[in-house]
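Here the protein sequences come in this chain order: A, B, C, D and E.
For the first sequence, the residue numbers in the working numbering are 1 to 286.
For the second sequence, the residue numbers in the working numbering are 1001 to 1238.
For the third sequence, the residue numbers in the working numbering are 2001 to 2404.
For the fourth sequence, the residue numbers in the working numbering are 3001 to 3247.
For the fifth sequence, the residue numbers in the working numbering are 4001 to 4333.
None of these hints come from the bench; they were simulated from the model.
Computed from a prediction, not measured in an experiment: that's the story for all the values here.
It is possible that part of the hints are untrue.
Said to hold, decoys possible - Once the Cα atoms are required to be at most 27 Å apart in a straight line, the calculated DSSO-like pairs of lysine-lysine come out as:
1) B:K1094 with D:K3091
2) D:K3237 with B:K1176
3) A:K281 with E:K4186
4) C:K2016 with C:K2267
5) C:K2338 with C:K2357
6) E:K4186 with E:K4308
7) C:K2117 with C:K2013
8) E:K4308 with D:K3237
9) D:K3091 with E:K4186
10) E:K4322 with D:K3237
11) D:K3012 with A:K90
12) E:K4308 with E:K4321
13) C:K2016 with C:K2117
14) C:K2220 with C:K2251
15) A:K81 with B:K1056
16) C:K2338 with C:K2137
17) D:K3012 with B:K1094
18) B:K1233 with D:K3173
19) A:K281 with B:K1094
20) B:K1094 with E:K4112
21) C:K2330 with C:K2368
22) A:K281 with E:K4112
23) D:K3240 with D:K3173
24) D:K3240 with B:K1176
25) C:K2298 with C:K2267
26) D:K3012 with E:K4112
27) C:K2244 with A:K129
28) E:K4112 with A:K90
29) C:K2267 with A:K129
30) E:K4186 with B:K1056
One letter stands for each residue in the lines below.
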Amino acid sequence: MEMLIQLILDGLVNGMLYALVAVGLSLIWGVMDVINFAHGEFLMVAMYLSYWLGFLLNVDPLLSLVASGAFLFIVGALTYKLIISHTIGKSAMSALLATFGLSMVLKNVCLNRFSPNFRLLSDSWLTGKTMNLGGVLLPVPQLVTGIFALVVVAVVYVMVHRTRLGWAIQATAMDKEAAELMGINTEGIYVLVFGLGGACVGVAGGLMPSYMAVHPEVGTLFGLLAFVCVAMGGFGSIPGALLAALLIGLVESLCGFYIAPVFKYVAVFGLYLVVVMFRPKGFFGW
Amino acid sequence: MTDPILKVDNILTGYDGVPVIHGISLDINPGELVAIVGANGAGKTSTMRTIAGLMKPTAGSIHFNGEDISRLPAHMVLRRGISYVPEGRRLFSKLTVRENLVLGAYMEKDKHEIEGRIEELYRLFPVLESRSSQVAETLSGGEQQMLAIARGMMSKPRLLMLDEMSLGLMPALVEKMMDTIVQVNRNGVTILLVEQMVQEALEIAHRGYVLQTGRIVESGPAESLLDSEQVRKAYMGM
Amino acid sequence: VGFAGTTVLAGEKVIKIGTLFPLTGPCALAGQRCQASVATAAEVINNQYPDINVPLAAQKGILDGYRIELVHADHQGKPDVGKSEAERLFNQEGVYAIIGSYNSSVTKPASFVAERKKKIFMCGCSSSAALTKRKFKRFFRMAPTDETESMEFVEVTEWLNHAGNAGLETVGLIYENSEFGKHAADEGKKAAKAAGFKIVADVPFSPGATNLNSEVRTLKANDPDVIYGACLGGDYTLWVRTMKQMNWLPKVAMNYCTGYQDPVITKQLGPDANYFMGGTGYSPEFAELMPAVAAVEKIYKKKTNPSVPFDSDSIQEAVAMFVLAQAIEKAGTLDHEKVAQTLYANEWESPLSLGGKVAFAEGGQNIKAKSLITQLQGGAYKRVFPADLADTRPVFPMIPWGDR
Amino acid sequence: MALIEVRNLTMKFGSLVANDNVSFDIEPGTIVGLIGPNGAGKTTLFNCISGVYQPSAGSVRFDGRDITRLPAHRIARLGAVRTFQVVHPLKDMTVLDNVLVGAFLRESGTGRATAVARRCLEACHLGDMIDRPAGDLTIGGKKRLEMARALATGPKLLMLDEAMAGLTSTEVKDSVDLIRRIRADGITLLVVEHIMEAIMPIADKMVVLDGGSKIAEGPPEHIIDDERVIEAYFGQKFSKRIKARRK
Amino acid sequence: MQNMTIDKKDVFWCALVAVFALLPVVPGLITSTFTMHVLILILLFASMSQAWNILGGYCGQTSFGHSVFFGIGAYGAGMAVVTYELVPWPGVIIAAAVAAVVAVAISYPCFKLSGHYFAIATFAIVEIFNRLFMVWYWVGGALGLDYPLVDEGTLNFMWYESKNGYYYGALILFGIIFGVVRWIEKHRFGYYLRAVREGQETAESLGVDSTRIKLAAFGLSAFLTALCGGFYAQYNLRVDPPMVMSLEMAMKFVLITILGGIGTMAGPLLGAAVLIPLQEYTRALWGGLGGGVDLIVFGLLIVVVVIKQPMGIMGILRDLKKRFKRTSAKGGA
Ligand SMILES: Nc1ncnc2c1ncn2[C@@H]1O[C@H](COP(=O)(O)OP(=O)(O)OP(=O)(O)O)[C@@H](O)[C@H]1O
Ligand SMILES: Nc1ncnc2c1ncn2[C@@H]1O[C@H](COP(=O)(O)OP(=O)(O)OP(=O)(O)O)[C@@H](O)[C@H]1O
Ligand SMILES: CC(C)C[C@H](N)C(=O)O
Ligand SMILES: [Mg+2]
Ligand SMILES: [Mg+2]
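Throw the hints in and build the complete structure from the sequences for me.
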């Protein structure tokens, strides 16, 4: 019983991290119908930034997440301006191709500049702390990340669904030209959305070096899981992405323990197939 | 005579380098109701899209209130006071009727003002009020058309451009829409109308332009166009 | 179209040697170190280093003035790329032999190419035992295999039971589910079973994992006395960290030549890295056993970024280079057949090898290959087994997280 | 025997009843006009007959067979083909290719199918657009393309959903001629149209829907005088005009 | 006017046939095995992408899952040779059939999904298959299958020194797959495929059984892909899941086709003819530097091509053609 509680908490905490990574992707994907293949690499870049801030300037990840959020906002906005904007309205798949190229570039530029070495901040405020809740152990860094995830998800949700800007974002997502006719600066919305998507993953990456080693390949699997979260939740649905992420975390944790660890990702990807069999548009998709 | 509110001067536009508008000039005076008529593919929609800023003219200029707007993006054109209700409705399909209307007044920040406008439009289109929380996608064709017009009016434009407004409306509604347009026009909104229902359009318009393969072939007061032998034969099936 | 890339100056005699390592991709860290290691050896061979006490260091070049020229290639950790790069090195670059290629999965098809071209393939550290069971005639491997290392682990386990009265009975395995990890684990299981230990946990995981929670939970739930681990790089740190978070440790944890022996691991993990054990073929702490290495290592450190000392894997690649050069020198010819025969026929001085000697059995395995069991104590690799080479007693059982 | 028999057809979307117990017949070789206010349920009825929706209740018989629950493509194969009110061109294919897809229903050889397609395109006045991508057509063009495509399948029953909306009166006249010719070829038509000039002169029978229920059925002359229809659909002014025009 | 376009097309096809007629003599002209290697890969990847194109391009179902079928094909060959010590042929044929069956089986749940949901589902399937094969002992698990030294020749489909055998093998594969697609393009099936892509509802209203069409496309595409997989195993002498059944491999199918021009006959060939040499030559030039310079350059070039021409290389050609037409029209007027 205690084990079960432990596993569920493990799963939820991890799920929240996935949610934090996925929420930005969901925004970009939902609004622009663009598959950002470089999303995992955005995460990696953020982790490097946070690592270097910690390593060189002794800034704790809890503080550098602001910087990495801001930096990734810029990275996202630039990605849109320099690359994605050229593919809008052309072939649906070309953005995928371009971001694939970008992910390759980012990964290998980091490899080239920072060497393939894996790096870990071993003396941040959170490192190695665990919380003991009556025998159930919870790692503090992951827990803090989870809390940030909830906050970010809530903020993004409110922004999209309760503000004028959010209306504009939704309108742009549905019909770009019609949105322009309403006086919405859709180009600006796109830049903003890509920037925000970057910023979300920036916050995630900012926090992570206190418990995960940074290296050029670190973003890959997170990127994949983020794709699955977004699709399982339904494109553009932020609560959907959160729910999916939590579910993925849970399935990973429970299946990893009760069946076998090698099958944990099989279960996660299988979960997606099961979900879309019953709900072909994800949990909350249109 | 006052200066025209909209002055389109010899514009050229096309798709992918293939020109479809070969030098069109229009003058629209404040308070006028002007109709553009023409056959299928004549370039009516393209002209309107160019004025609205969705397409850029390759030559020529467009002045609104004396300001050159031919290079402005669509959202800036709207801010100048030109609202375009596009062909094919282009509603925000997953949003409700009400939400579509609110977005129509995106440039307006005052909540009360927005409420007021919605009330006003609900009076004009009572069906919309009864469907106010239905998702736009599931409205019938005619309901969608009404919503599109209402949404276009939410921004309180000075110039309202309506493209094929009567498309798919039942006769009783076409009639009513025409009345509504006249009403809106009387309230001081300048209107530019594109219509296939040539007779109905010219009946309510002050002036008209006849478009053929990207050129203006005839223009003048609506009555004289209605009487024109050529127009009657080519577009009114008589 | 030739991509010769190098021009042979008139009168200069050059032997081109190809290096084939994963310079990008998940194993890039190890691959780049291996490449630097070969480059170090080539530099020592090509120039005169009278103060370096390694064969061929004191003279300039080999075979009366031949210089070794390296042609580097990157296989990205992919067998298909490795195979085609090996072909390119031989056909296009015209290399004499290839040294590589870290991942056993790549070494297999790449050395296949060499074998059927009747060219020599020198393998430093790929550890799959299968490599040298193929009866190839021109394939030579310097490092001990996972098989020997596994037997060593079992030996240590038994020794701890014997000498320390440890009462170790159960064994658990955690390994990345790749060619390497799976192979190592299979060998480990085989050896442990043969010695009568009970395998209570067998936990493969996908490399590059986002977390190892279920993996460590499974270990913890089965609570094996001993763990044999095969985790690389980031996964190793994640594994250790996760065990700490879950506040669990086995009594003994032994690791194949992997994340454990990475020279920067103690920097990354700090004191958390302590009390883990593993097989080690070289570590700077072995200076007294292998006095000749220090001078070579100085060059190596200049070639790595960030600058690191040799580790057990990378140093084997330098050994491969040295042994090949020695064989060429001894054979007095560049004829592949003769050089291969010479390689088999002799026992080679190898100050960079823990055993000090290199000699090949049929199939190309270095039968003098050795590794020690070390334990990280206070951030240093202490030798704990075999007894005659040990400098410290193992801390045993591992000190629980709470008491550190 | 009627070509199509709609019996007690009901279609509900949640609480909204889009078609309420609708029944009517279509005799072979006739043109039936289906009219009614916007939102009356005409398109929904089309969707139920053509298999896009599964009706909540009731049945449809076509050519003596019950087709109520058949999938859309089976119904098309049986010979009941429809056009869409909201045009659905196959955008990235050329105009000819669009029609070819229809033509392949009865002709498996590319050559003969092409001949059929060209004929249908000529008939619909799209002969000079055949190599253009369908996405480039104007709304009117797309409507005619829908028609050509449906025609190319060699249907027994052709169901047109506002195929003439967006055409000028002169163009409407052309289309009316075309519809007459189609009927002359022995094809039965069910036509939804708001343009009365188009439908009144050619329809053998009109069916009027309002709020999902059938409110009138009969020859056009009777329908024009039907008070309920005038009230719900034509409007006073319009019906005056159309009567005047008839005289 | 009509005659003219047909004439032009004929010229184009004659030129193409001439090029293909020359292909078989290529080995006689090229001495560098590396160039041969690049040519073989071009032919192979063009064939793979063309097979993908049937489903992804013509039918509009973007699959990130084709490495599953590719992998099954590779395992067919690999297991025939390594596990059962036979010649590869029966393995490849059986595997291709299995791939088609698997495709049909997984497409049933997947075809309910549209657009990106389908794409992500296929990609989930790759990850699942990959991980299952990693632990499936019978097929070699994580250890993979390594080819033994067998005799050279067509029977074993194995050559050591010369690449000519592989070259002709790839050429035949290329011929088969391009021939199949060429046939499809001109026949009913091809039109139906495109109709389903452009609008499923419309297609159904015209009597097209879209589910069956998609199933057929998926099955055929998988079958042909598996053939390519078998070739790849024979060529690389090893099979393991990360090599043949990875998302990365699946991406190649997609990338090459998009880069060349999706849903077009020539697209996959153009894409492969650009992407493969780019990949191989940048690696040959800069791979050894170790900093991933080749991959940075490769990635940047992809980005630049997309920015310059989002419709792929076919788009570039189309632009050129348009420009050419315009100038010639001006000249004529
Ligand atoms: N997206 C497009 N791409 C290429 N050509 C187009 C496009 N849209 C319209 N055209 C062409 O431009 C010309 C003018 O079209 P436009 O839509 O302005 O005509 P219209 O007068 O509005 O016709 P309709 O009454 O049918 O709406 C037509 O010949 C049409 O084929
Ligand atoms: N999928 C749906 N979900 C919910 N309501 C729907 C759906 N489709 C149609 N409706 C509703 O059913 C009613 C009938 O719609 P339908 O499209 O059949 O009308 P119509 O007679 O074709 O009108 P028009 O002449 O304007 O095209 C409308 O009120 C519409 O809002
Ligand atoms: C630890 C390494 C020397 C083993 C290597 N990864 C292999 O595949 O054999
Ligand atoms: Mg128009
Ligand atoms: Mg309708």
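We went through each hint and held it up to the structure:
This hinted pair checks out: K1094 of chain B and K3091 of chain D have alpha carbons roughly 23 Å apart, not beyond 27 Å. Distance check on the hinted pair: K3237 of chain D and K1176 of chain B sit about 10 Å apart at the alpha-carbon level, within 27 Å; holds. A C-alpha spacing of about 34 Å is found between K281 of chain A and K4186 of chain E, which places the hinted pair above 27 Å, so the restraint is violated. For the given pair, K2016 of chain C sits about 37 Å from K2267 of chain C by alpha-carbon distance, which is inconsistent with the 27 Å threshold.
Straight-line distance between C-alpha atoms of K2338 of chain C and K2357 of chain C comes to about 21 Å, which keeps the hinted pair within the 27 Å bound. Restraint check: the Cα-Cα separation between K4186 of chain E and K4308 of chain E comes to about 31 Å, which exceeds 27 Å; the hinted pair is violated. A threshold of 27 Å between alpha carbons decides the hint, and for K2117 of chain C with K2013 of chain C the separation of about 23 Å falls inside it, so the pair holds. Restraint check: the Cα-Cα separation between K4308 of chain E and K3237 of chain D comes to about 58 Å, which exceeds 27 Å; the hinted pair is violated.
Only pairs whose Cα atoms come within 27 Å are accepted, and K3091 of chain D paired with K4186 of chain E is accepted, the gap being roughly 19 Å. Distance check on the hinted pair: K4322 of chain E and K3237 of chain D sit about 53 Å apart at the alpha-carbon level, beyond 27 Å; violated. Only pairs whose Cα atoms come within 27 Å are accepted, and K3012 of chain D paired with K90 of chain A is rejected, the gap being roughly 39 Å. Using a Cα cut-off of 27 Å, the hinted pair K4308 of chain E and K4321 of chain E holds, with the two alpha carbons roughly 16 Å apart.
About 16 Å separates the Cα atoms of K2016 of chain C and K2117 of chain C, which keeps this hinted pair within 27 Å; it holds. Between K2220 of chain C and K2251 of chain C, the direct Cα distance comes to roughly 12 Å. Compliance with the 27 Å bound is thereby established for this hinted pair. Only pairs whose Cα atoms come within 27 Å are accepted, and K81 of chain A paired with K1056 of chain B is accepted, the gap being roughly 21 Å. Restraint check: the Cα-Cα separation between K2338 of chain C and K2137 of chain C comes to about 12 Å, which is no more than 27 Å; the hinted pair holds.
Taking the CA atoms of K3012 of chain D and K1094 of chain B, the gap is near 20 Å; set against the 27 Å cutoff, the hint holds. For the hint pairing K1233 of chain B with K3173 of chain D, the CA-to-CA distance comes to about 11 Å; that is within 27 Å, so the pair holds. At most 27 Å may separate the alpha-carbon atoms for a hinted pair to count; K281 of chain A and K1094 of chain B meet this at roughly 14 Å. With a C-alpha separation of about 21 Å, the suggested pair K1094 of chain B and K4112 of chain E falls inside the 27 Å cut-off, and the hint holds.
Pair hint K2330 of chain C plus K2368 of chain C holds up; C-alpha atoms about 20 Å apart against a cutoff of 27 Å. For the suggested pair K281 of chain A and K4112 of chain E, the alpha carbons sit about 10 Å apart, so the restraint of at most 27 Å is met. Pair hint K3240 of chain D plus K3173 of chain D holds up; C-alpha atoms about 21 Å apart against a cutoff of 27 Å. A distance of roughly 15 Å separates the Cα atoms of K3240 of chain D and K1176 of chain B; the hinted pair therefore holds under the 27 Å criterion.
As the CA atoms of K2298 of chain C and K2267 of chain C are separated by approximately 20 Å, the hinted pair is consistent with the 27 Å bound. Distance restraint check for K3012 of chain D and K4112 of chain E: the Cα-Cα separation of roughly 23 Å lies within the 27 Å cut-off, and the hinted pair is therefore satisfied. Restraint check: the Cα-Cα separation between K2244 of chain C and K129 of chain A comes to about 9 Å, which is no more than 27 Å; the hinted pair holds. As the CA atoms of K4112 of chain E and K90 of chain A are separated by approximately 26 Å, the hinted pair is consistent with the 27 Å bound.
Restraint check for K2267 of chain C and K129 of chain A: satisfied, since their Cα atoms lie roughly 19 Å apart, inside the 27 Å limit. At roughly 39 Å between alpha-carbon atoms, K4186 of chain E and K1056 of chain B are farther apart than 27 Å, so this suggested pair is violated.
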